[in-house]
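Engineer: Take a look at the letters that make up each chain.
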Amino acid sequence: MHELVERLYPLCRSITGDGVRATLDIVGEYVPLQVHEVPTGTQVLDWTVPQEWNIRDAYIADTAGNRVVDFAASSLHVLGYSVPVSRTMPLSELRAHLHTLPEHPSWVPYRTSYYKPEWGFCLAQDTLDALPDGDYEVRVDSTLADGHLTYAEHVVPGQVPDEVIVSCHTCHPSLANDNLAGIAVATFLARALAEQTPYYTYRFIYAPGTIGAITWLARNAERIEKVKHGLVLACAGDSGQLTYKQSRRGDAEIDRVLRHVLAASERSHSVKEFTPYGYDERQYCSPGFNLGVGSLSRTPYAGYPEYHTSADNPDFVSPEAMTDTLSLCREAFAVLDRNRRYVNLSPYGEPQLGRRGLYESLGGRSDAKQAQMAMLWVLSLSDGEHSLLDVAERSGLPFDTVAGAADALGAAGLIKA
Amino acid sequence: MHELVERLYPLCRSITGDGVRATLDIVGEYVPLQVHEVPTGTQVLDWTVPQEWNIRDAYIADTAGNRVVDFAASSLHVLGYSVPVSRTMPLSELRAHLHTLPEHPSWVPYRTSYYKPEWGFCLAQDTLDALPDGDYEVRVDSTLADGHLTYAEHVVPGQVPDEVIVSCHTCHPSLANDNLAGIAVATFLARALAEQTPYYTYRFIYAPGTIGAITWLARNAERIEKVKHGLVLACAGDSGQLTYKQSRRGDAEIDRVLRHVLAASERSHSVKEFTPYGYDERQYCSPGFNLGVGSLSRTPYAGYPEYHTSADNPDFVSPEAMTDTLSLCREAFAVLDRNRRYVNLSPYGEPQLGRRGLYESLGGRSDAKQAQMAMLWVLSLSDGEHSLLDVAERSGLPFDTVAGAADALGAAGLIKA
Amino acid sequence: MHELVERLYPLCRSITGDGVRATLDIVGEYVPLQVHEVPTGTQVLDWTVPQEWNIRDAYIADTAGNRVVDFAASSLHVLGYSVPVSRTMPLSELRAHLHTLPEHPSWVPYRTSYYKPEWGFCLAQDTLDALPDGDYEVRVDSTLADGHLTYAEHVVPGQVPDEVIVSCHTCHPSLANDNLAGIAVATFLARALAEQTPYYTYRFIYAPGTIGAITWLARNAERIEKVKHGLVLACAGDSGQLTYKQSRRGDAEIDRVLRHVLAASERSHSVKEFTPYGYDERQYCSPGFNLGVGSLSRTPYAGYPEYHTSADNPDFVSPEAMTDTLSLCREAFAVLDRNRRYVNLSPYGEPQLGRRGLYESLGGRSDAKQAQMAMLWVLSLSDGEHSLLDVAERSGLPFDTVAGAADALGAAGLIKA
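Chains as they are written, first to last, in our numbering: chain A, 1190 to 1606; chain B, 1190 to 1606; chain C, 1190 to 1606.
Among the hints, erroneous ones may be present.
A pair counts as met if it fits within one copy or between any two copies, since identical chains are not told apart.
Within a straight-line C-alpha distance of at most 27 Å, the following computed BS3-like cross-link-like pairs (lysine-lysine) qualify [as the list claims (entries may be wrong)]: (1) Lys1558 / Lys1415; (2) Lys1305 / Lys1558; (3) Lys1605 / Lys1415; (4) Lys1305 / Lys1417; (5) Lys1558 / Lys1461; (6) Lys1461 / Lys1605; (7) Lys1415 / Lys1305; (8) Lys1461 / Lys1305; (9) Lys1417 / Lys1558; (10) Lys1461 / Lys1415; (11) Lys1461 / Lys1417; (12) Lys1558 / Lys1605.
Bear in mind the hints are in silico, worked out from the structure with no lab data behind them.
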């Protein structure tokens, strides 16, 4: 995963443009992608797909022609969606277009202006402080023109058409944790899920933030009712503990599963209430859709000083952290995928397990005892109202043991989903 | 307010009679009152309006003609609803009709006997102890005859016919905190509300305790369904912290508003569960009506030693405390009046706030950030099920900010009530 | 009760057989029993009534003819449901059929094999250790043949046909706490209830564990809907604190009553959630029936080292503990029996208690004050949704006071059940 982050890091992504396409090309080497191009001007819910932005070069050069700020060094140096400019102006005038982080003088901030035409440069405060007064040549060789918004999907087919969506934003330029790590975890999660045939169909959405999710929602109105659960992945690779932000519903099955798996895993972690600010869970959880979509991060957005700066580079994300995020996702989806409600077909008194070969002496091994207890719990709570996750939580037994008991009872014809 | 308390203090109020009328005359100088006279014998719910009680004079005089206990000095000296008496009797026989407070020997207690014909005097234990044995002339020059029960209303018209009632009892004689302070706060609250046109219609009820509220309820059967919220004011002027006693429902909107406003105000305060004992919330919250009516006090009834004694005099209530109670009422009604449920008219995805001029850069001023967040919260929770108070509590944002966001979104056509 | 335990202790009970019949004969001396005999092979829910097991003699004898293990000394010495055997074999071969408790070398364990044909002996580890190698004669003179399963009922008729069941298992041989103490408490509880005419009809069920309860449920399908509440009694005589295990519902009336009575009694005690393992609450609470049946014990099953060993003898249970269990049952049923929902017939405002002689001056005695408050609470909450237990819990008043207030208000025609 870290290799993927490193490959994607230099590209200049934005909400549209060739940087997004190049990103999806690379991701496509790992999992096959269906790429969608949506024309500028397309109405998507309350929004309109904007003009496509592309940039070839940008710099500030001193009178000697030395580039003191150069887009070629980092895609962060240009204000995202900068309109073209080619002028010479004194530093005093240029300052209004320069963005720095005085509190971190060696870092370059990340800034955009998507819907208000502007141009600008982002640079280190140290760089700015070292600039002598005088005239500078400023040039942004960009185009803002009718084109397309680009997003992609990858689907892992399941046993049922009901879907789980996994969504990550693809619009941030050279920022590793936000969100190349999310893209990498999503991609390797897709590969892992494809190794078995999961119960649910898993749909991975790679789309620019806000406008991309809105575009996907607008173009998938028919599909929405099949989306039963979902997870937005962001900031998936820093060294902080895992953070799960619940869906707007707060008691959606994905919320219960993530809470359970995080608690059962004994990882230190944090579970947060939904807020209508953050990543694309904002769109999936808007009240008209109100999907059961939560968001998994390590340190949440804006929770670390490197957020939206040049310090969020590939060194800031670790293979171990991404592996841990991936593992948690796999654990959670393993529970989600097996979590169903059953009905006890022999609900009057306990069925006689012994004559069905399901009765182990309770003086037996500890795991046999647990399996036995799990059967009694599943039988007791299989009234169509309790899921296996409910059984695990009520009984205190591991979900796996409970699901195994359900399998055995199902095979014996004692319960049905 | 304190001046009003002082003017009302000397009057001899009871559940009927001229003292109540004189009280309402003075209150009527502050706000116009509609006075109702209900004849003796009128059936009111399970009760009957009793005979009217009036008193001109009452005293105990020694054989030299010195009045040792004199109604002219304090209305508390006579047992409320005393039947007339004019006799001479030895102290030993008189004692059965004398009420004192041995634990507070210099205080005069307050006693009544509304529904059992009796006569009696209340006096300080010290006074009683100083009386030599011997004969005393006792005289109560009262009448108990067919007449009327008197109560009054003042209405502040609102934008809708739905009503908020504010009720205070008018039957206590020379007792300042219980309930002249409540009368004063209610009266000045009415004046403050009249300065704007509130959303709700506010109805102020000045009526004797129990029988007065019952009479009002009996005569307003048609109106009851318009009464959406209410507050009983009592013990509104002592130096103790504010106490809100919840309605019988416990989750009525008035309960949520008072809890929120008290918590947000950072006043030290107390919130109590409903009990079927106290002031006229007993009647408004009886199970047949079950109105959303709570009760606001400072120290609750019987919670201070001066309760129902001559020590509950105008010095016991302070202008500051009454002003604080009034402020809290205004804060609470300001929230109640703006608290509505909205429906997001653009509920699929977030609406694009920018093109409506509602989007402030989040790098902006702190209050602009809060306003922005409040809009996102209002949009997220405007599903017809959450009120603005819910939004404030879920978001942790001030109610005013949330209500302001709702106004802006409403003006932009994005939500409707 | 302890005498009854001592009389029953020597009998060899099992899930069928003459030991059960002898037990019921003795219990029948205390309360009249209706004894039911259900033939082998009868289908009962998912189970089949097994063959009847009877045993006359069993021993292990050395070559000199000395009985080193003798069924006559304790019914525990034989594996329950042992098939007949009559052989001579070396100790080395015999060991596979011997059960001991190495951690308690002087105690004899209790073991059974109901549904898998086996034979075996239980003995003290000390006894086993003292046996020299060599041949032993082993003999189990038992029969396993078509016969009957035996259970009994005793009914205390009530004012209504709705029933409370009290169930205790009768299948354990010489074990005092589990469950002769439960049988004894149930029996004396039945006698105590018969002294008055209770509201509910109380049905006492004496049946072997699991198969007995299942048989009763199978044969009483028509009756089940009349069973409103129930209690399983087990481990009722040890010195530990009382433990109430809630029904599967968790909020059944029996659960609320037991929680309330245990808390109000100020006994140290424990309340546990339902688990689908334990005694016959497993069957009564299976999801098809889901009855409001809890289980009352002192130390729960398997919670004490003497459990299922020869150390669970009559010395292990104390008269005081059984009396305490009995008292708690009587307190709980006294509440259950009076706990009803009322409707206030005068719900608009408070009814005038004074003219009905129900109004005590609140300056009166403390218990009169409580009675007065209880009336106000009952009137306030008699909306058909709150039971008297709700009133007691909301008001903090003793249940008896609340029930007394309800009686007085009912007599005055102010409320009805």
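Engineer: For each hint, tell me whether it holds in the structure or not.
Structural biologist: Each hint, compared with the structure:
no.: 1; hint: Lys1558 / Lys1415; in the structure: neither (39 Å within a copy, 36 Å between copies)
no.: 2; hint: Lys1305 / Lys1558; in the structure: between (66 Å within a copy, 19 Å between copies)
no.: 3; hint: Lys1605 / Lys1415; in the structure: within (22 Å within a copy, 30 Å between copies)
no.: 4; hint: Lys1305 / Lys1417; in the structure: neither (37 Å within a copy, 47 Å between copies)
no.: 5; hint: Lys1558 / Lys1461; in the structure: between (36 Å within a copy, 21 Å between copies)
no.: 6; hint: Lys1461 / Lys1605; in the structure: neither (35 Å within a copy, 29 Å between copies)
no.: 7; hint: Lys1415 / Lys1305; in the structure: neither (37 Å within a copy, 50 Å between copies)
no.: 8; hint: Lys1461 / Lys1305; in the structure: neither (33 Å within a copy, 53 Å between copies)
no.: 9; hint: Lys1417 / Lys1558; in the structure: neither (35 Å within a copy, 33 Å between copies)
no.: 10; hint: Lys1461 / Lys1415; in the structure: within (26 Å within a copy, 41 Å between copies)
no.: 11; hint: Lys1461 / Lys1417; in the structure: within (21 Å within a copy, 35 Å between copies)
no.: 12; hint: Lys1558 / Lys1605; in the structure: within (23 Å within a copy, 52 Å between copies)
Of the numbered hints given earlier, the model fails hints 1, 4, 6, 7, 8 and 9; all others are met.
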